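Chemist: Using the sequences and the hints, build the whole thing.
Sequences listed follow chains W and R, in order.
The working numbering applies: residue 52 is where the first sequence begins, and numbers increase by one.
The working numbering applies: residue 135 is where the second sequence begins, and numbers increase by one.
Treat the hints as calculated values from the structure; they're not laboratory data.
This one's a predicted model, so the numbers in the text were calculated from it and none came from an experiment.
All residues carry an ideal CB built from backbone N, CA and C; glycine is no exception.
Hints may contain errors.
Far from chain R by the CB rule (all over 10 angstroms, computed), these chain W residues [to be verified]:
1. Ile77
2. Thr131
3. Ser145
Here are the simulated lysine-lysine pairs, DSSO-like style, with alpha carbons at most 27 angstroms apart [unchecked claim]:
4. Lys183/R x Lys108/W
5. Lys108/W x Lys64/W
6. Lys192/R x Lys202/R
7. Lys203/R x Lys192/R
8. Lys183/R x Lys52/W
9. Lys183/R x Lys203/R
10. Lys203/R x Lys52/W
11. Lys183/R x Lys202/R
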Amino acid sequence: KAGVTQTPRYLIKTRGQQVTLSCSPISGHRSVSWYQQTPGQGLQFLFEYFSETQRNKGNFPGRFSGRQFSNSRSEMNVSTLELGDSALYLCASSTATSGGPDTQYFGPGTRLTVL
Amino acid sequence: AQSVTQLGSHVSVSEGALVLLRCNYSSSVPPYLFWYVQYPNQGLQLLLKYTTGATLVKGINGFEAEFKKSETSFHLTKPSAHMSDAAEYFCALSSGSARQLTFGSGTQLTVLP
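Modeler: Below is the structure:
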């Protein structure tokens, strides 16, 4: 079974621009979560989508948004980019067959550099 | 609130020596606990997980971890380190109705020849 895929793998943008990252979950997985990884803040939860609805959201400004499509693929968008948005953005998927904790499987990440 | 603390941001061991990476957690409800490994310029790979049941869990690449509720710990061990084990290791927690993971700050493992 193919793993979680993320596109693009690398991205360079300038301040003020916006960016869209894409994530395709493992086949059959219905939940997609996004995380931001930086040297200073470590791994932080952005949001989770399940059945095209945002289920949970981390403590990030409204410039960070996402969506999920009917095939469970997900995109996240960052508007008005700031230098501090430079990070590795990781997508994870899980089956979400129960209402509780789940095992998440991660993609390779998208490395975003903001100049 | 839940949290994960990894003791030691950097650990060095000699090839063939015991690997011990420490993780302590805080959770008001029974947690699911995970160890992930990250190689340079890659995503996170699941090493092992504890959900319920047996407290000693075995994972890939010879790693294992023991859930100790009384000590709120979930330390990762491997009897004999290999050069290929050099990477960053993350302990993570999920609990209650939330599927989001709370991560520790990571431990960079160096394996010396």
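Chemist: Could you run down the list of hints and mark each one as holding or not?
Modeler: Verification of the hints:
Even its closest Cβ contact with chain R, about 12 angstroms, leaves isoleucine 77/W beyond 10 angstroms, as expected for a residue assigned away from the interface. Even its closest Cβ contact with chain R, about 25 angstroms, leaves threonine 131/W beyond 10 angstroms, as expected for a residue assigned away from the interface. Remark: the non-interface label on serine 145/W conflicts with the geometry, its nearest Cβ contact in chain R lying 6 angstroms away (cut-off 10 angstroms). Taken as a hint, the lysine 183/R and lysine 108/W pair is honoured in the structure, with Cα atoms around 24 angstroms apart against an allowance of 27 angstroms.
Between the alpha carbons of lysine 108/W and lysine 64/W the distance comes to roughly 25 angstroms, so the proposed pair stays at or under 27 angstroms and holds. With a C-alpha separation of about 15 angstroms, the suggested pair lysine 192/R and lysine 202/R falls inside the 27 angstroms cut-off, and the hint holds. Taking the CA atoms of lysine 203/R and lysine 192/R, the gap is about 17 angstroms. The hint holds against a cut of 27 angstroms. A hinted pair counts as satisfied when its Cα atoms are at most 27 angstroms apart, and lysine 183/R with lysine 52/W qualifies at roughly 20 angstroms.
Straight-line distance between C-alpha atoms of lysine 183/R and lysine 203/R comes to about 15 angstroms, which keeps the hinted pair within the 27 angstroms bound. Proposed proximity of lysine 203/R and lysine 52/W is contradicted: the alpha carbons are some 35 angstroms apart, above 27 angstroms. Our distance criterion of 27 angstroms between C-alpha atoms is met by lysine 183/R and lysine 202/R, whose separation comes to about 13 angstroms.
Comparing the model with each numbered hint stated earlier shows that hints 3, 10 do not hold.
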